[in-house]
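Q: These are the residues of each chain, in order.
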Amino acid sequence: MLSSDRPILIIGAGGFIGGRVVEMLQGLLGIPVRASVRRWSSAVRIGRLPVEIVLCDIADADQVRRAMDGVGGVVHCAYGDPAVFVEGTRTVLQAALEAGVDRVVHLSTMEVYGDVEGVVFEDAPLRKTGWSYRDSKIDAELACRSYMDRGLSVSILRPTIVYGPFSRDWTARFAERLVAGGTFPGREDCQGTCNLVYIDDLVAAIVLALDRKEAAGAAFNVNGEERLTWWQYLNDLSRAIGLPPLNGGSSFARRVRCAAVAPVRTTARVVLDRFRDPIMAVYQSSPTAQRLMRGVEGVIRRTPAPAEYRLFTRKVFLPVDKARALLGYRSQFPASRGVALSASWLRHHGFLGVPEGAPAGPL
Amino acid sequence: MSVRIAVVGCGAIARAFHLPALAAVPGVSDHLIVVDHDSRRVATAQQEFRASRAATDHREVLHDVEAAIVAVPQEFHADVVMDFLRERVPVLCEKPLATTLAQATALVTAADVAGVVLAVNNTRRFYPAVRAAREWIQAGRLGTIRRVEIHEGTSFNWPLTSGSTFGRGGTGKGVLQDVGAHALDMICWWLGARPSITRYQDDAMGGSEAVARVEFAGAGCTGVVDLSWLSRLPNTFRVVGDEDTLEGGILAWDAVRLTGRRRSRKVRLRPEVRSFPRVRDHVIADFLGAVRGERRPAVPAKDVLPSIAMIEECYGRREPFPMPWFDTVSEASSVVL
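Protein sequence lines, in the order shown, are assigned to chains A and B. First residue of the first sequence? That's 1 in the numbering used here, and the numbers climb one at a time after it. First residue of the second sequence? That's 364 in the numbering used here, and the numbers climb one at a time after it.
In isolation and in its complexed conformation, chain B is listed as follows (with noise of 0.2 Å):
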């Protein structure tokens, strides 16, 4: 069944994830459509990826389209998405799905209203690890929660396209509304509710943060999470329940650790999917059969509301970390004044 779709953004994320997986799907890769404001860019992804056709206003083929992936810098997000909706245009829309609650909330109910599909791509949800954590914790296998962590952070090199987050005149939002979007929603999404902030530290300076911590408590339950774009951290999450404590990483595909009072062990996972490129299959693959009729998405967008909650009551209470290796002004500035 060929499904004619538009992915609106040929950045970095659009050609290492949705154009890759469209183009391999039959019936889709015949009508795709590429979009974007920089016509060298969108010719290139034009020529890449075989799509029938280009253009570099996404309201040029709004009547055009069956389907649409949003993938334009963030900011930007709740606009694009909401011209597609008015259209009655299913849409799949990059994390994070609106930069404000209100805009998320805004989407939702006009996806509601025009009766379509609205998914996000929050792919830690088909991360297997995360995935059995889910289930684990709403099976109760693991007792009643009592602790959450999750440290993730690597040494940010996403080929970028656009330098619209960082420094002046950027969005002010870092490493938490990119990495915490996924983070704060696997808090979501495994506890069934959203924890309240307790505190939040990070390293913006006037510019978007590199570095956050989140602290949380909610339901008999409180948690960290700690991320980074400045250095590689554990890359894992730990769930201590009263009875089980489970341990996994969070790109773990095959196995997570399950630590009782008696014993700790390795719990195989036997996982759909075992790779990453695999992941962004599974992702095109969810949202085509939504679109079809044929399913829920994995990820509505309803779904995601209290993780952008979180992140916006996070920046609301803003502390700066104490960085006593970069305020040596004084010192260094003795000798040049």
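So here's chain A without its partners, still in its complex pose (with noise of 0.2 Å):
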């Protein structure tokens, strides 16, 4: 199905996965990409590459209709905010069944299945939990269906733990706090499976529901073939970025530091939502304000959430056999290579403090 007469859409290039797409689509298969960012400013990893790239927001249906002009396949890898992502998807949807596209690709996540634990399949039912998160991306999915009954041919992907180079959650983040000595939960609160996917391997995933003619109209998981535990993935993360293992002592402390900074981060979050142009001039104006301002965020950064408590002790596994069936999904990247990729970026960047001779920060 993949050709390279038309060029592939990718909607929301500027973000993580999308970014990869690209990067990937074009020095992968040599297929032409057109790379579509809500911002200008989110344009500057994909920039770095000879790409179409266009300004296109899913919530403006005519952005969307001329962002479509001539492709041959969608993959939708855009999110926002929950209320205008599902009507957003619907927008997508609408677009490509006019324009008569081949296939779309259609980024959903694991947490459709909602908070259960064990082995799930792709048949198992979609729950909503009142997260608007996870309660947009089964609404999005069902715009899919939707669109599959009016003769759209749409793939869905659930993805699990996606990480590797460019992930702010799964990867920087991390790695970030372990740098910072920051705390995480303690061992055995860390001992949920992990569900880790290399991001090299999600987009491999993509390229096969863009091209099998077996993913049309279905869903997959897409996963690693690794049961780690939360534990494992953050002491090889650890380990790979030259630091000492993880300190498997009191997680009873632990869980009171994290309770204790609980109000202080769902405070921050309120406030900076509610009030964040007042607060950036003041912190642009104010040496004080500012280092007050960076002072609390460190110390939220270094602490877990109390959702990282939740994640981090679920035991719950995705199997790809339907991938690996029908579309000849495998994972080509263990996490050994994986995180060993992403300590390499991350050095790059300098996530692990700073270059080599530079002074260890503002004064």
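Think of the hints as simulated: they come from the structure by calculation, not from any bench. Please read these numbers as outputs of a predicted model, since none were measured by experiment. A few of these clues could be false.
[Unchecked claim] Computed footprint of chain A on chain B; a stretch qualifies when at least three of its residues, placed anywhere within it, have a C-beta under 8 Å from a C-beta of chain A:
id : region
1  : 512 to 523
2  : 593 to 605
3  : 678 to 691
Glycine included, C-beta positions come from ideal geometry on N, C-alpha and C.
Take each chain as given, in its own frame, and dock them per the hints.
A: As structure tokens, this is what we get:
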């Protein structure tokens, strides 16, 4: 199905996953890519390549229709405000239907299964829980289903914990905390299954979902094939960036610290959401305010959030049997390789501390 | 004293920097002209900053202004600035003055011939720690300078209104031309000379670089500049003399650190400029003072030629960074092909 005649539109190309899809489609298959971003400022990474870049907000039907003109396939990686995202996904699907696109690959998430434990295959029910991210991803999948019924060829991918270069959530954030000497939940609170999938494995699955006719109308788990615990992953990452193993000491003390910082975290988020502009004005105009805000930010970043405890203790595994059988998907990046590549990226981008010889930070 | 001034280009820098500052200056705000090829954008700017007039082509206002601020995308700087200079209109141009040394030199010559001010908005020269470094180096307080390092980077979030920098059909020049125009100017300004490039690496792959490293040497001094649009670097500098070492945050308003053979101490600064919003007021006041003939501009165009030459030299000897995490295509493709 993939050909070099018509470009593939990558929606959300400024993000972690979309950015790598652009990089790999360009280098991997020589398929022309049209990369769409919501803001020009998010085009920095993909702008390093000679790709076509267009501005496209999925909330703007005209922009979406223009971006869709003449494309052969669509990879929908965009995410944002949950309310906008679901309607925006419908806009993408409608435009794809009208444009006669051969295939839409929709990036969903393992979270659509809810807080279940155990082994979860693709036929498990989707469970809303009131968490806007999860619920909006379920609604977006339902929108995909309705467009499948109208004749659009859509494939849904449900990736697990996607890590690797440019991963803010599962790579850079943890590395920064490790470097800063921050805390993680204790060993017994990190025995949940990590479900790590390296970014390039996910992109390979996206390419397969674009290309294979068996992908049409189906949803697939996309995961690595090792059952690592979070404790193993965090220690692998720590070692890879040249730090000692995690301290397995008192989990109780860490839980107390997490609970103590939780109100600070919540308050900071609410205040920043509501008063971002005046706060940034104060930040820019007062060195004292800068120091104070950086101090609070540092404490929050170095302390595990309550959500981490829920995630790190969860014993759930998503097999990829269906993707393997129908698409020929195989994970090519064991954690040892993926973590090593991540470490080299972290080092290059200055996440592991200052480049050699630089002062340690603002004085 | 009133000045009829045009702001050409109503994108992010004009809206965040020049227009708010101009709108607050009596005698200037009443005569402000905004120019942008995008009619909606220029109309918005006219309304927001109460400009007296709006135009979609700078050539429409060449004969109607006494000064111009040029804030169009950098690849158009040279042509637009030259049009104003030919009409003997003083110009403050956003950095970089031009994208090639030949263009920049031609602009400096044209300004000299016309006898008008041509200034460049290299704002770092107004920053307290950067100014302190210049004063200390020039006064010989650090001894002979042996090493200079700058590490400047942040996740890029400038509210661009154009994507002309990026990807296919883009300029092919990214963080070096943007942030590097500041950093390399700081080095030339501090040292009073232009060092030679010994190595330049970046991550461009047919588009515009987002991470770059410049290594240089000259006059007994070596140095390195790390630049990034993709991650937060320390945003610090270090100047090592054979007597003392000066370290500072590029955006530090209140202090630098001085380390000698025996001790290290924090040195308090007492700057005129204490915050980013105040920088723009000083830049505009400086330019207006120069237009009125009251002073020499803080950054005359001639002063930035050495840094533009360095940038050009860097691009002329580009080496790719090794990026093993990028070059995994053969592994990933084995499953697809």
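Q: If a hint holds in the structure, say so; if it does not, say that too.
A: Going down the list of hints, with the structure as the test:
no.	hint	result
1	512 to 523	holds (count 8)
2	593 to 605	holds (count 9)
3	678 to 691	holds (count 6)
Of the numbered hints listed earlier, not one is contradicted by the structure.
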